[in-house]
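Peer 1: Keeping their order, the protein sequence lines are chains A and B. Residues in the first sequence are numbered from 1 upward in steps of one, following the working numbering. Residues in the second sequence are numbered from 1 upward in steps of one, following the working numbering.
Some clues are possibly wrong.
Not everything, but these chain B residues come out facing chain A in the computed CB check (under 7 Å) [said to hold, decoys possible]:
#1 C15
#2 G32
#3 T36
#4 V67
#5 E68
#6 G71
#7 K82
#8 G102
#9 A132
#10 G140
Below, a list of computed lysine to aspartate or glutamate pairs in the EDC-like style, where the Cα atoms sit at most 16 Å apart [said to hold, decoys possible]:
#11 K692(A) to E46(B)
#12 K128(B) to D698(A)
#13 K82(B) to E59(A)
#14 K9(A) to D95(B)
#15 K31(A) to E31(B)
#16 K262(A) to E18(A)
#17 K697(A) to E126(B)
#18 K697(A) to E129(B)
#19 K697(A) to E146(B)
Hints listed in this document are in silico derivations from the structure and should not be mistaken for laboratory results. Just so you know, these numbers come straight off a predicted model, no measurement behind them. We put the CB at the ideal spot given by N, CA and C, even for glycine.
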Amino acid sequence: MEENSIIGKAVPRVDAVEKATGKAIYTDDFKLAGMLIGKIKRSPHPHARILRIDTSRAEKLPGVKAVVTGKDTTGRKFGTIKAYKAIWDELPLCMDKVRYIGDEVAAVAAVDEDTALEALDLIDVEYEELPAVFDPLEAMKPGAPVIHEGFQNNISMQVFLEAGDIEQGFKDSYRVFEDRFENVAVAHSPMEPHTSVASYVNGKVTLWSSTQSPFVVRMALAHQLDLPEAQVRVLKMTVGGGFGGKTDLYALDVCCVLLSQKAGRPVKIALTRQEEFETTRTRHSIIVELKTGVTKDGIILAKQARNILDGGAYTGVGLVAPYLSNLFLTLPYKAPNIKLEATRVYTNKVRGGAMRGYGSPQVIFAADSQMDIIAHELGIDPVELRSRNAITTGYQTSNGLRITSSAFPETIEKSAKGIAWAEKHGKMKKENKGMGMGCSGYIVGTGVAGGTPSNYSAGAIIKLHTDGFATLFTGAVDIGQGSDTVLSMIAAEELGIPLSKVKVVAGDTELTPFDLGQISSRTTFQTGNAVKRAAAEAKAKLLKVVAKNFEISPEDLEAKDERIYVKGSPDKVMAFKDAVFACQAANKGLEVVGNGAFAHELEQTIYTTGRGNYSPAYTFSTAAAEVKVDKETGEVEVLKIHYAHDIGKAINPINVKGQVEGSVQMGMGYALFESLLFDKGRLLNPTLSDYKLALTKDMPEIGVTLVESDDPGAPFGAKGCGEGTVAPVAPSIANAIFDAVGVRIKSLPITPEKILNALKEKEKAG
Amino acid sequence: MIKKIVKLKVNGDLCEVMVNPNMTLLELLREGLGITGTKRGCDSGECGTCTVIMNGNAVSSCLVLAVEAEGKEVITIEGLAKGDELHPIQKAFIDNASVQCGFCSPGMILSAKALLDNNAKPTETEIKEAIAGNICRCGGYTRIVEAIATVRDQGK
Numbered sequence: 001m002e003e004n005s006i007i008g009k010a011v012p013r014v015d016a017v018e019k020a021t022g023k024a025i026y027t028d029d030f031k032l033a034g035m036l037i038g039k040i041k042r043s044p045h046p047h048a049r050i051l052r053i054d055t056s057r058a059e060k061l062p063g064v065k066a067v068v069t070g071k072d073t074t075g076r077k078f079g080t081i082k083a084y085k086a087i088w089d090e091l092p093l094c095m096d097k098v099r100y101i102g103d104e105v106a107a108v109a110a111v112d113e114d115t116a117l118e119a120l121d122l123i124d125v126e127y128e129e130l131p132a133v134f135d136p137l138e139a140m141k142p143g144a145p146v147i148h149e150g151f152q153n154n155i156s157m158q159v160f161l162e163a164g165d166i167e168q169g170f171k172d173s174y175r176v177f178e179d180r181f182e183n184v185a186v187a188h189s190p191m192e193p194h195t196s197v198a199s200y201v202n203g204k205v206t207l208w209s210s211t212q213s214p215f216v217v218r219m220a221l222a223h224q225l226d227l228p229e230a231q232v233r234v235l236k237m238t239v240g241g242g243f244g245g246k247t248d249l250y251a252l253d254v255c256c257v258l259l260s261q262k263a264g265r266p267v268k269i270a271l272t273r274q275e276e277f278e279t280t281r282t283r284h285s286i287i288v289e290l291k292t293g294v295t296k297d298g299i300i301l302a303k304q305a306r307n308i309l310d311g312g313a314y315t316g317v318g319l320v321a322p323y324l325s326n327l328f329l330t331l332p333y334k335a336p337n338i339k340l341e342a343t344r345v346y347t348n349k350v351r352g353g354a355m356r357g358y359g360s361p362q363v364i365f366a367a368d369s370q371m372d373i374i375a376h377e378l379g380i381d382p383v384e385l386r387s388r389n390a391i392t393t394g395y396q397t398s399n400g401l402r403i404t405s406s407a408f409p410e411t412i413e414k415s416a417k418g419i420a421w422a423e424k425h426g427k428m429k430k431e432n433k434g435m436g437m438g439c440s441g442y443i444v445g446t447g448v449a450g451g452t453p454s455n456y457s458a459g460a461i462i463k464l465h466t467d468g469f470a471t472l473f474t475g476a477v478d479i480g481q482g483s484d485t486v487l488s489m490i491a492a493e494e495l496g497i498p499l500s501k502v503k504v505v506a507g508d509t510e511l512t513p514f515d516l517g518q519i520s521s522r523t524t525f526q527t528g529n530a531v532k533r534a535a536a537e538a539k540a541k542l543l544k545v546v547a548k549n550f551e552i553s554p555e556d557l558e559a560k561d562e563r564i565y566v567k568g569s570p571d572k573v574m575a576f577k578d579a580v581f582a583c584q585a586a587n588k589g590l591e592v593v594g595n596g597a598f599a600h601e602l603e604q605t606i607y608t609t610g611r612g613n614y615s616p617a618y619t620f621s622t623a624a625a626e627v628k629v630d631k632e633t634g635e636v637e638v639l640k641i642h643y644a645h646d647i648g649k650a651i652n653p654i655n656v657k658g659q660v661e662g663s664v665q666m667g668m669g670y671a672l673f674e675s676l677l678f679d680k681g682r683l684l685n686p687t688l689s690d691y692k693l694a695l696t697k698d699m700p701e702i703g704v705t706l707v708e709s710d711d712p713g714a715p716f717g718a719k720g721c722g723e724g725t726v727a728p729v730a731p732s733i734a735n736a737i738f739d740a741v742g743v744r745i746k747s748l749p750i751t752p753e754k755i756l757n758a759l760k761e762k763e764k765a766g
Numbered sequence: 001m002i003k004k005i006v007k008l009k010v011n012g013d014l015c016e017v018m019v020n021p022n023m024t025l026l027e028l029l030r031e032g033l034g035i036t037g038t039k040r041g042c043d044s045g046e047c048g049t050c051t052v053i054m055n056g057n058a059v060s061s062c063l064v065l066a067v068e069a070e071g072k073e074v075i076t077i078e079g080l081a082k083g084d085e086l087h088p089i090q091k092a093f094i095d096n097a098s099v100q101c102g103f104c105s106p107g108m109i110l111s112a113k114a115l116l117d118n119n120a121k122p123t124e125t126e127i128k129e130a131i132a133g134n135i136c137r138c139g140g141y142t143r144i145v146e147a148i149a150t151v152r153d154q155g156k
């Protein structure tokens with residue numbers, strides 16, 4: 001294979017300098033002339049009817065320029081996926097009742113923050129409290145408080161996924177294992193809180209936002225405001241982390257627009273850290289009841305699961321969560337007979353949404369803990385058991401996922417080697433040390449089902465300039481994962497120009513082609529393919545003109561090192577910029593533009609039937625952890641994690657490693673300390689000192705091996721990274737704890753208390 | 001509220017800013033002076049994104065009242081590079097891929113600078129302690145620690 005000039009090189013990010021010098025402009029850094037500060041009045045009750053809202057005192061406060069309530073809205077409900085409009089359940093400002101502590105009831109815009117806050121206190125809301133329900137199992141019972149009319153048993157979404165013959169599978173099994181796993185809601189905690197600035201001028205809305213999906217926001221915002229999408233421009237600024245929590249349209253976005261319209265001035269709303277915790281999104285907590293049948297050799301024959309998702313008060317992108325919680329149980333191991341059921345249930349709490357690894361960290365914790373149980377019970381080495389069941393290239397899962405490439409077996413092997421499994425596993429018990437493994441599979445390059453073609457595709461446009469530069473227009477959003485860099489590298493490689501000569505315009509619904517945004521680890525694969533095609537189209541236009549000049553065929557030409565030359569005759573050459581000039585000249589000044597798109601079509605019914613190929617490719621990951629447990633205090637120290645990821649091809653290896661290391665940080669927090677604690681719907685720890693994130697000193701030694709499986713459909717073979725890489729970390733740690741001290745904790749986070757209690761129980765049992 | 005004029009040095013420039021008594025140094029910088037490299041992440045001293053150097057020490061500017069900054073010398077992220085010439089710590093952060101979403105980077109870089117200014121040869125533990133108050137949610141911290149260690153080893 002010919003060597004790439006840029007792809008595969010560890011180059012600094014294209015946005016690193018502006019970020020390291022403080023020059024990057026995040027939404028909160030941005031100011032328009034006359035801009036007002038907006039604040040939101042929120043419900044203090046988990047469930048209540050709104051009897052009366054009196055805003056008159058707030059309106060009279062000097063400095064207050066606008067106050068809005070539900071009456072000022074269109075009253076149209078919104079959601080995130082257009083094909084499921086029938087179950088959209090959200091209003092920008094509550095009109096009839098509030099459904100969780102933090103629900104939006106009114107908003108104000110004032111000349112400064114102090115005045116806006118004072119105005120909030122002057123808004124008088126009278127409520128009639130209603131019985132509330134906080135536990136999904138309670139919420140499903142007959143007679144439970146009804147959170148949304150028309151949703152029986154508070155079920156927001158229920159999905160079944162069946163393939164093969166589950167009964168026969170269990171019948172043929174040598175052993176059947178049944179376990180129940182639990183986890184808790186956790187918070188994305190991006191360092192940048194959600195922020196929006198809106199300007200409403202003459203019927204046209206512009207929203208500058210910290211969103212990770214400008215096009216999703218535009219769709220829902222235009223619908224809610226009852227405006228044509230072309231009258232709504234949504235653009236992202238530099239985004240300070242998203243992790244899935246910045247996907248939906250937020251009430252704050254709509255409030256911002258309504259306030260701007262009423263006040264006739266631009267308005268900014270920046271959430272406080274407390275609001276960020278209390279009112280954005282969480283990772284769904286999921287109860288996973290898992291039943292797995294295996295042969296004597298540990299080969300999985302049947303897998304049955306019942307997943308109960310705590311949905312919180314609304315749906316949004318949470319609609320996909322039940323389907324995904326099933327889907328990720330069909331990876332990364334072969335399972336010919338499956339019967340999976342997932343139910344998302346409304347409760348009176350902040351809602352669950354998309355969060356890094358969407359649906360997989362919860363179920364992979366369950367499934368890969370159970371793999372360890374199976375290995376232990378059957379006396380098979382956990383590494384060997386995983387290898388025996390590993391999905392390999394060319395496999396089609398029973399529910400229809402087509403695995404175009406899989407380096408999963410290699411990731412198992414490399415992570416085991418990286419942590420010295422063969423030498424050390426099971427031999428460190430004296431020091432209360434142990435080793436564990438966790439594995440997962442993930443989707444890359446998919447979109448959402450149904451709706452317009454753009455929903456399952458991404459576009460890209462590349463414009464070439466006569467000074468040898470190119471401008472890349474993409475709807476993708478760099479939220480810190482590095483997509484601006486990766487997409488620029490793809491464009492530069494295809495065009496044969498240096499990375500420094502590709503400039504990106506991104507995430508602006510008015511200027512850039514459609515892109516679903518930063519979800520599903522889709523960007524490198526889907527948008528990357530679109531960029532590659534756009535660059536190829538622009539290049540083809542150049543080659544055609546250059547070929548004519550040299551009187552040869554375009555196939556005999558190559559673009560590299562800012563030159564276009566005849567293959568085999570490097571002296572026959574034209575500079576890239578001269579070729580752009582010649583191309584424009586030959587076409588009466590027409591600019592050289594390439595247009596590209598990539599689609600992965602999905603069955604609209606996939607979220608309910610579970611059948612079909614969800615993604616054009618799949619990635620696989622393995623984490624191996626070494627831990628030390630203090631038997632006196634129950635504290636766990638993670639000593640080392642060796643992580644191997646099937647990246648397809650690393651476009652920028654240093655970037656990929658950063659993603660994997662970040663996944664270890666987040667996965668470790670999920671395993672050991674992150675937990676949103678509620679008391680009757682009230683969040684008890686909405687601060688960064690009470691909600692524990694991993695800090696520098698918590699981090700283990702991290703080793704990363706990137707395995708390149710070179711996917712045939714991916715741009716330069718590159719699949720993706722970032723989301724699914726979180727999932728294997730928690731089970732690897734849980735399994736290592738078992739290896740170290742012999743206790744199996746089936747609920748996250750694995751707190752010292754849980755370990756001590758389990759050790760006590762174990763001692764009692766002798 | 002009775003406003004007060006605060007005189008301080010920011011990145012070497014003498015500034016006079018009219019402030020409310022409840023205004024923080026963070027607000028003075030971002031709103032009073034309009035320099036926004038110092039980030040607002042929690043307003044309660046828990047995240048570290050608003051870290052600046054005041055009289056040689058790294059502080060959370062959201063916990064310092066603007067009036068307390070009277071007569072002080074404050075360095076923000078904007079004060080590190082000389083034109084296009086980056087500070088060695090900034091360069092190391094970029095080269096080691098220590099910058100991801102970038103929201104923690106200014107505070108992280110300034111915590112590192114305060115450390116290296118006061119202790120040219122910190123141990124790895126001392127590096128970790130110096131940035132213990134700066135949260136990074138994107139990465140695994142390892143690249144940040146490595147970047148700081150690189151600058152230490154360059155002896156700059």
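Peer 1: For K697(A) and E126(B), compute the direct alpha-carbon distance and say whether it is at most 16 Å.
Peer 2: Holds, at roughly 10 Å.
Peer 1: With a cut-off of 7 Å, does the beta carbon of G140(B) approach a beta carbon of chain A closely enough for the hint to hold?
Peer 2: This interface hint holds because 3 Å falls under the 7 Å limit.
Peer 1: Has the given pair, K697(A) with E146(B), been kept, meaning a C-alpha gap of at most 16 Å?
Peer 2: 14 Å, holds
Peer 1: Closer than 7 Å between Cβ atoms is the bar; does E68(B) clear it against chain A? Give me holds or violated.
Peer 2: E68(B) check fails; min Cβ-Cβ to chain A is 19 Å, beyond 7 Å.
Peer 1: Assess, step by step, whether the Cα of K262(A) is no farther than 16 Å from the Cα of E18(A), and give holds or violated.
Peer 2: Distance of about 36 Å is beyond 16 Å: violated.
Peer 1: Between K31(A) and E31(B), is the straight-line Cα distance small enough, at 16 Å or below?
Peer 2: 10 Å, holds
Peer 1: For K128(B) and D698(A), compute the direct alpha-carbon distance and say whether it is at most 16 Å.
Peer 2: Satisfied, since the Cα-Cα distance of roughly 10 Å is no more than 16 Å.
Peer 1: Quick check on G32(B) please, does its C-beta sit within 7 Å of some C-beta on chain A?
Peer 2: 12 Å, violated
Peer 1: Mind checking the alpha carbons of K82(B) and E59(A) for me, to see if they're no more than 16 Å apart?
Peer 2: 48 Å, violated
Peer 1: Min Cβ distance, A132(B) to chain A: is it shorter than 7 Å?
Peer 2: Hint holds; A132(B) Cβ to chain A Cβ min 6 Å, cut 7 Å.
Peer 1: Under the criterion of a CB-CB separation shorter than 7 Å, is C15(B) in contact with chain A as hinted?
Peer 2: 17 Å, violated
Peer 1: Within 16 Å, alpha carbon to alpha carbon, are K697(A) and E129(B)?
Peer 2: 8 Å, holds
This entry does not satisfy hints 1, 2, 4, 5, 6, 7, 13 and 16, going by the numbered hints stated previously.
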